[in-house]
Amino acid sequence: MEFSLSEDQRMLQDSIRSFLQDAAPLDTVRQAADGDVAVLTQMADGLAALGTNQLLIPEAQYGLALGVLDAALVQEALGGAVAPADYFCNALATIGIAAAGTQAEQDSWLGKLSTGEVRFGLALTEFVGAREDAGVDAGADGLSGKSLFVINAAVATHILVCDRDGNLHIVARDSPGLKRNALPSIDRTRDFSELLFEGVESVRLSANVAAGAAAERMMQVGYILLAADTLGAAQTMLDKAVDYAKERKQFNRTIGSFQAVKHLCAEMTARLEPCRALVWQAAYAFDQGEEESAVLACLAKAHLAETGTFVARTSTEVHGGMGFTDLVGLHYWFKRIGTNRQLLGSPELVRAKAARLQGWA
Amino acid sequence: MDLSLSPEYEAFREHVADFIATHEAAAPKPSDTGMKHPRRLAWQKLLIKNGYAARTIPKAYGGYGAEPDILKSRIIAEEFARAGVSTGLAGQGISMLVPTLLELGTEAQKQAFIPPTLRGEMIWCQGYSEPGAGSDLASLKTKAEIDGEDYVINGQKIWTSTARQADMMFCLVRTEPDAKKHDGISYLLFSMETPGIEVRPLVDMTMSANFNEVFFTDVRVPRSQIVGKPGEGWKVANATLTHERGMLGDPNAAKARLLAIADLMHRETLNGARLIDNAVFRDRLVALQARVYAMQANGMRVMTHRLKQESPGLAGLIIKLEGCELNHELARLAIDAMGELGLLYGDTPYLRDHGSWQSRYMYDLGLIIGGGTAQIQKNIIAERGLGLPREPKPAAA
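First to last, the sequence lines map onto chains A and B. Under my numbering, the residue at position 207 of the first sequence is numbered 207, and the numbers go up by one with no gaps. Under my numbering, the residue at position 193 of the second sequence is numbered 193, and the numbers go up by one with no gaps.
Because the hints were derived from the structure by calculation, they are not lab data. One thing to keep in mind: the hints can contain errors.
Derived contacts from chain A toward chain B, CB cut-off under 8 Å, selection only [unchecked claim]:
1) 1
2) 69
3) 242
4) 246
5) 253
6) 266
7) 270
8) 277
List time: in silico DSS-like cross-link candidates among lysine-lysine, alpha-carbon distance up to 25 Å [unchecked claim]:
9) B:393 to A:249
10) B:29 to B:49
11) B:393 to A:246
12) B:180 to B:143
13) B:141 to B:393
14) B:393 to B:180
Reference listing, derived: stretches of chain B covered by chain A, where coverage requires no fewer than 3 residues with Cβ under 8 Å from a Cβ of chain A [what the hints assert, rightly or not]:
15) 1 to 10
16) 279 to 291
All C-beta atoms in this analysis are idealised placements derived from N, C-alpha and C, irrespective of residue type, glycine included.
Generate the whole structure from the sequences, applying the supplied hints.
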């Protein structure tokens, strides 16, 4: 019985953190936010060089065959640095391809992802819920329809698309009939697009699995990774609040000596600290194939969304007026947390799913 | 991460489960009221003999004498909780005084007090808080003056649980009135039958007298009945306060409470529909479930640190604050799910679960305040955990 990270896991996370210290300082994040696609590509290359995209890939396809807990540690580091990275999409695509692809499809696509030949974007939003009548249909002449909030279409070579029936397809981003419109959001560290499909050629992943089963598996890992991203982002916001409270002076005192301020920091800590253990446990349960893993993934996603929102708002308040400015840049973390809250479903939707999974509905 | 148990511990778990299955008929029933009910004392004796109570306390003092093993202790707690069987006597004597004496008591004190306390024959109460010394406990004023071979105690304590049932009190008194406030306190042990002690029940908002006020008028206590040296009482007391804070906010208790509420929401109906089928109530249940699971996972993380004899750091410091708050919110959901029926608090056929959710909701507020208020907990987290500066001392008047 050991509820802690291994030495290897700590080293993995440290190596990502030290890479990000050089590769993703706030100035670089700002460049990406201002639309510099070269920065996104550079970041994607750097992370790929560290082997992050191979992390979840089996050894047979030149991967590292590590688990979702390891992936979550990478994602936590990325969230902590608000890094504009495509890691999330490649990790989820790996899960989707492994679950829905035949052996030959896995060998081909995961092999290419290992060697860096392909990078993925994700068109998954409508599997969670369709707005604006969005949705992609697979027909004899290819894919048609539209998908909203496609992640990472700007730097991806391929998009993993979930159609209305829950089947997964791979589409080259430069396919004829595929049109992309950028969707500018609050979180400029992420790239969101609308994709319009008009008879787009695609490869349907064709292993014999129930429709929606592979997408559901991607959803579970997506919940865990988004929870981890929020954990990292919220921890940074809390650390910054504590640092600021130790430095800033008013009424001839550091503001952290006022209980009004120190209690805000304590409340953030009391709510956030148990979240770390929850994310670890959800990831571990997935890796072990535990019966409760689907519920745990939902609980982690929903709970980190709520706790992250609380920390984002409270840390900004501790920073006073400075927290509200672009100067300090705290808003990048605030917006990242706000975005994670909605991606793959708001807390209400995810909790409703957790209830269904437990037979409570 | 490896949440599986080694074969040695799996075997231990089976061993514990076998013991419970064989002996549970002898366990005390909820109707066995009275702290010294013969069945309670007999059960305690059986548990100690088999190493399920007083497990790590040396045999010489009436314990079982096992090496400390947090994992085994946890397995015992889990198996007894699963079976709904009493883990033996609790109370402030066993949970607070015994560990203190083991650490700081004299050999004579250990011999005299630990064995009967473990057997449940000697019940203790804690004399710490005073009307003017709550969160600022070190400002306590109950004084003990030396007169020959005795201390003579005058003053008042409050919030003293089980004072009416107790045989003995462990008590903080001011012995060095001229020393700085933390340095003038001593830790005394004495019988509640000592002349000059008066106990008055203190009815709380649950309408039970869980607490008491205790008044001292010229109470004479032999000078030998001190733990530690004169003036070291604050240090001695802090050894036990750490034990108390560990007791509150138990994540396994929160999990049991969560399951009880889910069960309640399957039974209770509104206009014929079960509350579990009401989307709003269900959403609240799942939101709290996530917090309960997070605290349970946090508990495993803390335990792993303790197994390695490392400090659990922030993960440990937040348990009292977050755990008590969570229990309180769980009770509130149960009451809300029952609606008006949740208000019932007396003998009526409509009463649910003996009115226990209301009494828990109120009692939990007491726990949020007691054992270091939520505000004091936040100071501890911020100052010891995050390194934020202490409140500057006000300029002397």
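Hints, verified against the model:
1. 1: 6 Å, holds
2. 69: Holds: closest Cβ of chain B sits about 6 Å from residue 69 (chain A), inside 8 Å.
3. 242: Holds: closest Cβ of chain B sits about 5 Å from residue 242 (chain A), inside 8 Å.
4. 246: With Cβ-Cβ at 7 Å, under 8 Å, it holds.
5. 253: 6 Å, holds
6. 266: 4 Å, holds
7. 270: For residue 270 (chain A), the interface hint holds, since the closest Cβ of chain B sits about 4 Å away, which is under 8 Å.
8. 277: Cβ of residue 277 (chain A) sits 4 Å from chain B, so the hint holds.
9. B:393 to A:249: 17 Å, holds
10. B:29 to B:49: 20 Å, holds
11. B:393 to A:246: 18 Å, holds
12. B:180 to B:143: This hinted pair holds, its Cα atoms lying about 14 Å apart.
13. B:141 to B:393: 21 Å, holds
14. B:393 to B:180: 14 Å, holds
15. 1 to 10: This one holds; 7 residues, not fewer than the three required, reach chain A with a Cβ under 8 Å.
16. 279 to 291: Result for this restraint: holds, n = 9.
In terms of the numbered hints stated before, the structure departs from none.
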